[in-house]
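Peer 1: Single-letter residue listing:
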Amino acid sequence: MKPNDVILHSVTKVAVFIILTFSIYLFFGGHHNPGGGFIGGLSVASGLVLLYLTFDIETVRRNIPVDFKKVAAFGVLIAIFTGASSLFFDKPFLNQAFGYFNLPIFGKTELATAVLFDVGVALAVIGTAVTIILSISEDG
Amino acid sequence: MNNTVILPMIIPVIAGLIMVIFRNNIRFQRLLSIFAILAVGAVSLLLMNQIRNEGIQTLQAGGWAAPFGITIVADMFSAILLLTTSIVSLFCLIFAFSSIGREREEHYFYPMFLFLISGVCGSFLTGDLFNLFVCFEVMLISSYVLISLGGTKLQLRESTKYILINVISSSLFLLAIAYLYAITGTLNLAHLSLRVAEAGQDGLMTTVAFLFLIVFSMKAALFLFFWLPGSYSAPPTAVAAIFAALLTKVGIYAIFRLFTLVFYHEQETTHFVIGILGAITMVLGAMGAVAYQDIKKILTYNVIVGVGFIISGLASFTSMGMMGSIYYLIHDILIKALIFLLGGMIIHLAGTSKLKDISGLIRNHPYLGWMFFVAALSLAGIPPLSGFLGKVFITRGTFEEGYYWLGAIGLITSLMVLYSIMKIFMNSFWGETYLSREMEKGTTNVSTMLPIGCLTVMTIALGLGSEGIHEYVQIATESMMNPILYIEAVMGGEPIR
Chain A
1 MKPNDVILHS
11 VTKVAVFIIL
21 TFSIYLFFGG
31 HHNPGGGFIG
41 GLSVASGLVL
51 LYLTFDIETV
61 RRNIPVDFKK
71 VAAFGVLIAI
81 FTGASSLFFD
91 KPFLNQAFGY
101 FNLPIFGKTE
111 LATAVLFDVG
121 VALAVIGTAV
131 TIILSISEDG
Chain B
141 MNNTVILPMI
151 IPVIAGLIMV
161 IFRNNIRFQR
171 LLSIFAILAV
181 GAVSLLLMNQ
191 IRNEGIQTLQ
201 AGGWAAPFGI
211 TIVADMFSAI
221 LLLTTSIVSL
231 FCLIFAFSSI
241 GREREEHYFY
251 PMFLFLISGV
261 CGSFLTGDLF
271 NLFVCFEVML
281 ISSYVLISLG
291 GTKLQLREST
301 KYILINVISS
311 SLFLLAIAYL
321 YAITGTLNLA
331 HLSLRVAEAG
341 QDGLMTTVAF
351 LFLIVFSMKA
361 ALFLFFWLPG
371 SYSAPPTAVA
381 AIFAALLTKV
391 GIYAIFRLFT
401 LVFYHEQETT
411 HFVIGILGAI
421 TMVLGAMGAV
431 AYQDIKKILT
441 YNVIVGVGFI
451 ISGLASFTSM
461 GMMGSIYYLI
471 HDILIKALIF
481 LLGGMIIHLA
491 GTSKLKDISG
501 LIRNHPYLGW
511 MFFVAALSLA
521 GIPPLSGFLG
531 KVFITRGTFE
541 EGYYWLGAIG
551 LITSLMVLYS
561 IMKIFMNSFW
571 GETYLSREME
581 KGTTNVSTML
591 PIGCLTVMTI
601 ALGLGSEGIH
611 EYVQIATESM
621 MNPILYIEAV
631 MGGEPIR
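So the sequences go chain by chain: A and B. Reminder that position 80 of the first sequence reads as 80 in our numbering, one-by-one numbering, no gaps. Reminder that position 152 of the second sequence reads as 292 in our numbering, one-by-one numbering, no gaps.
The following block holds chain A by itself, in its conformation from the complex (with noise of 0.2 angstroms):
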């Protein structure tokens, strides 16, 4: 008998929604307040396994596509190299920099280094996370 789960369907389509604009907001605001690449990649993790568990491993992989391993390897390599570009301006690795521009729409907005790092961060997380997930879940 296949159990009756509409109720954790509905949930889950408006909570996932909920959960990956807020690890949005966790991840921009970690740049001056608590938040940031690992907490909000972590987050919209959590996102995406609550997709997996309510939809099964398969409906989920159709409509995301992603090797989460590369996602990882891919996330790591953005930070990396974020780091080892103050090599060309030859400034110590890691060296930030930030500056404050007056963008179309959002006005006077401050634009850093430090987010291009955090992406990465971020990106690494999800591959991480998702991957300790999926492959638990692979053997019985």
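In case anyone wonders, no lab produced these hints; they're calculated from the structure. All of these numbers come straight from a predicted model, not from anything done at the bench. For each residue, glycine too, the CB sits at the ideal point set by N, CA and C. Be aware that one or more of the hints could be misleading.
Claimed, not checked - Below, in silico cross-link-like pairs of lysine to any residue (SDA-like), each with a Cα-Cα straight-line distance of 20 angstroms or less: (1) A:70 x B:246; (2) A:70 x B:281; (3) A:69 x B:248; (4) A:13 x A:46; (5) A:70 x B:166; (6) A:69 x B:246; (7) A:70 x B:285; (8) A:91 x B:208; (9) A:91 x B:142.
Stated by the list, open to error - Residues from chain B that keep clear of chain A, each with C-beta distances beyond 12 angstroms, as calculated: (10) 163; (11) 338; (12) 342; (13) 354.
Dock chain B against the given chain A, drawing on the hints supplied.
Peer 2: For chain B alone, kept in the frame of chain A given last:
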């Protein structure tokens, strides 16, 4: 500030990550891994020359000054070890090409190998105790994967033990770091050295020093080596060789760093205990090597003897002993890789590691046999091969300091080492040839014989040409015996206390 210092850590990581993305292209992975390791070697050569000309090189990551930021330091000792690391890992890698098997190659063997190298290089370069812990973990986690990759029954059994032991010692490591931070309020090695020197190394500090000694002894197989013979005989030859060559050496490096830079005030206690541990390690290791009749066991026990011997140079804490330790460390990294590759080759050909079932291989494999002979002599420290000079200096160092027993044990155990390794040579290469070429379980080919040949040439060259690296070893010894050089390079004459 010198950004070159960070490169040996990040080049292997970047290469490894690119390989994770291109998982199925094995040919590309092989090329990239060779390229990455060659790059590390080139960078370490560059560093050695920079250090010779301009003194110890440092990098404050992100521009945050020591002791607040992350400090990366390359002194001559680290640079020499980096170069040696890149040389042996290159040869082990080439050996792996034909011997490791398609299955393992597809399951991230090359990325893990490079992460391991990155962890090893990082441990040699970091100037901060916590980052030493992190680099140790990078190295250990890659080694967990490498030791269990392939999933044979033996591997899984041994890797469980290996992981358990290392998790315990890592948690002790963290504990020791916490104690030290609570006492001194800093983890930057140079800053620690200053503060310990100022506050004096009292009983509490010495106790923490011993806790560190326990942790690193577990990693370096100094006295606490019970886990080593099992773990190192489980993985395939190329992996076992790189483990035997590098992993214990990182532990030894950490002991050297801490007990020359930070805890060098109470030598009657700490260095004396290190000497005793070294002596016990040598004796027990040599007994194991003599007693067993199994190639893998004999070789792993030889690793243990080497650890004890290198450590006795530190125990003496004389310039002579230190210089010997550095020479012997370089030699030991090369020769352990070589002897493990050779042993693995014998096992591969004969299909067994039991000495009594192997005989007369020299008829079909004369080159292999004579290279094994050279390696065996070098391992025992027969002149003019590479082990000789280190042995002479270490022995002189221990005699100078009045540790006659330590020097004597070192010499006696090297005879036992010679006996144990000759036992392999005579049993497996001499005697009647049972196996014709067709009956052998495996064959030799270029990819396996090239690294063995190159390493053999290197051990001869290092013995004959030791004059050539003497200048570098001298600089390394000097900076280890004078912690102030290291401190000044890191702190840059800052008034911070």
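Peer 1: Compare the distance between the alpha carbons of residue 69 of chain A and residue 246 of chain B with 20 angstroms, and conclude whether the hinted pair is satisfied.
Peer 2: Holds, at about 14 angstroms.
Peer 1: What's the verdict on residue 70 of chain A and residue 285 of chain B, does the C-alpha distance respect the 20 angstroms limit or exceed it?
Peer 2: Roughly 18 angstroms between the alpha carbons, so the hint for residue 70 of chain A and residue 285 of chain B holds.
Peer 1: Please work out if residue 70 of chain A and residue 281 of chain B have their alpha carbons no farther apart than 20 angstroms.
Peer 2: 19 angstroms, holds
Peer 1: Taking 20 angstroms as the top limit, are the C-alpha atoms of residue 70 of chain A and residue 246 of chain B close enough?
Peer 2: 14 angstroms, holds
Peer 1: Are residue 91 of chain A and residue 142 of chain B close enough, with their CA atoms no more than 20 angstroms apart?
Peer 2: Given pair residue 91 of chain A, residue 142 of chain B holds - Cα atoms ~9 angstroms apart, limit 20 angstroms.
Peer 1: Need the status of pair residue 91 of chain A, residue 208 of chain B: alpha-carbon distance at most 20 angstroms?
Peer 2: Since the Cα atoms of residue 91 of chain A and residue 208 of chain B sit roughly 18 angstroms apart, the hinted pair holds (cutoff 20 angstroms).
Peer 1: Quick one: work out the minimum CB distance from residue 163 of chain B to chain A and report holds if it exceeds 12 angstroms, violated otherwise.
Peer 2: Incorrect as stated: the minimum Cβ-Cβ distance to chain A is 8 angstroms, not above 12 angstroms.
Peer 1: Is the straight-line distance between the alpha-carbon of residue 13 of chain A and that of residue 46 of chain A 20 angstroms or less?
Peer 2: This hinted pair holds, its Cα atoms lying about 14 angstroms apart.
Peer 1: Is the Cβ of residue 338 of chain B farther than 12 angstroms from every Cβ of chain A?
Peer 2: 28 angstroms, holds
Peer 1: Holds or violated: residue 70 of chain A and residue 166 of chain B, Cα atoms, limit 20 angstroms.
Peer 2: 16 angstroms, holds
Peer 1: Could you check that no beta carbon of chain A comes within 12 angstroms of the beta carbon of residue 342 of chain B?
Peer 2: Residue 342 of chain B is indeed farther than 12 angstroms from all Cβ atoms of chain A, at 36 angstroms.
Peer 1: Holds or violated: residue 69 of chain A and residue 248 of chain B, Cα atoms, limit 20 angstroms.
Peer 2: Between residue 69 of chain A and residue 248 of chain B the Cα gap is close to 11 angstroms, so the pair holds against 20 angstroms.
Against the hints set out earlier in the document, a violation occurs for number 10 only.
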